[in-house]
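**Q** Each chain, letter by letter, is given below.
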Amino acid sequence: MILFEKYSPRILGYLMRNGASRVEAEEIVQEAFLRVWSERRRFRPTGTFQAWLYTIASHILINERKRWSREITDEQQMLSHPEKSDNDPFYRVSLSQTVGRVKGVLEQMKQEYRMAVLLAAEGLSYQEAARAMGLSVSAYKTVLFRARGLLRSHFAEAGRKE
Amino acid sequence: MKCSSVQKWLSAYVDGKLDFWRQRRVGKHLRNCDECQIALKREQEAVAAVQQLVSHNPEVDARFRARFAARFQELRRREKEETRPVTPVRRWVLAGTLAGVMAVCAIAGVYIVHSRIQPVDEKELLLNLDLYENLDVIINMERMKGG
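Residue numbers (the working numbering), protein chains in the order written: chain A, 8 to 169; chain B, 1444 to 1590.
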């Protein structure tokens, strides 16, 4: 329960930033922690606990995504999703204009790109993030650099407009 | 180093993940190229903004905590049931079952070994004996001739 207290807000936030609704994210967080408990003997202290937790949560999210067979990419779907609307306190948080802009760009990205950027920002190494996404390190780097390139080009565009 | 190559490595440069020599070459190029410097600034802004976004996390409410606690207790209860200690009665049942299995294996083994011993062919035995007897007669006759 101590680990749950410590890590659940971060994992919850990570999942919601990855397009899961609050209800879905809560389900995945619970499932991830229960798996951590069930597979505690398989944990090897070669990696960090945090990376292991993100790996489990990411795998559940990817599998659930496949099961749900939906990809939240366009704004219409975003708006039709009640949990993801601005009514959710998490989304009511006053983000600066720049951060709000990044959030908007991330939401429009492919799931793979978004996850790569977010895992890197969560502090996972390239190896850990690649493992969490089920990719090789070189494949992860390619995805991350492309996604960052998209973010950069968006910033460049916004800069030109201003 | 070309601008396209530098911009390709920009993310890894910002993350400090390039090897020493490439990091130096990219750094050197950046010092002399205004266009790549602007790209670097955009990259740093984007990374900082994502990190700021990641630092905002939702609150975990009591309802969610309670739901997880209930599921966790249920999992632990099931685990305990699966690994419950062996009672004396269960121990005797297990020992009896094991002894029964061992007895069946032993009987089966004896049967298999016994069935593999070939029965003696009586006809072949008599024929051989007959041959030996005749051989004795021939040897005796040869001795008598010689004597």
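Simulated from the structure, these hints should not be mistaken for laboratory data.
Any given hint could be a false lead.
[What the hints assert, rightly or not] Away from chain A, derived, C-beta distances all over 12 Å, residues of chain B:
#	residue
1	R1468
2	L1473
3	E1502
4	T1530
5	V1532
6	R1533
7	L1537
8	G1539
9	I1555
10	L1570
11	D1579
12	N1583
13	E1585
[As the list claims (entries may be wrong)] Below, simulated DSSO-like cross-link-like pairs (lysine-lysine); rule was C-alpha separation at most 30 Å, straight line:
#	chain 1	residue 1	chain 2	residue 2
14	A	K148	B	K1451
15	A	K110	B	K1451
16	A	K117	B	K1484
17	A	K148	B	K1445
Even glycine gets a Cβ: it sits at the ideal position worked out from N, Cα and C.
**Q** Please go over all the hints and tell whether each is borne out by the structure.
**A** Results for each hint:
no., hint, result
1, R1468, "17 Å, holds"
2, L1473, "14 Å, holds"
3, E1502, "7 Å, violated"
4, T1530, "26 Å, holds"
5, V1532, "30 Å, holds"
6, R1533, "25 Å, holds"
7, L1537, "25 Å, holds"
8, G1539, "32 Å, holds"
9, I1555, "42 Å, holds"
10, L1570, "72 Å, holds"
11, D1579, "80 Å, holds"
12, N1583, "86 Å, holds"
13, E1585, "86 Å, holds"
14, A:K148 x B:K1451, "11 Å, holds"
15, A:K110 x B:K1451, "23 Å, holds"
16, A:K117 x B:K1484, "24 Å, holds"
17, A:K148 x B:K1445, "20 Å, holds"
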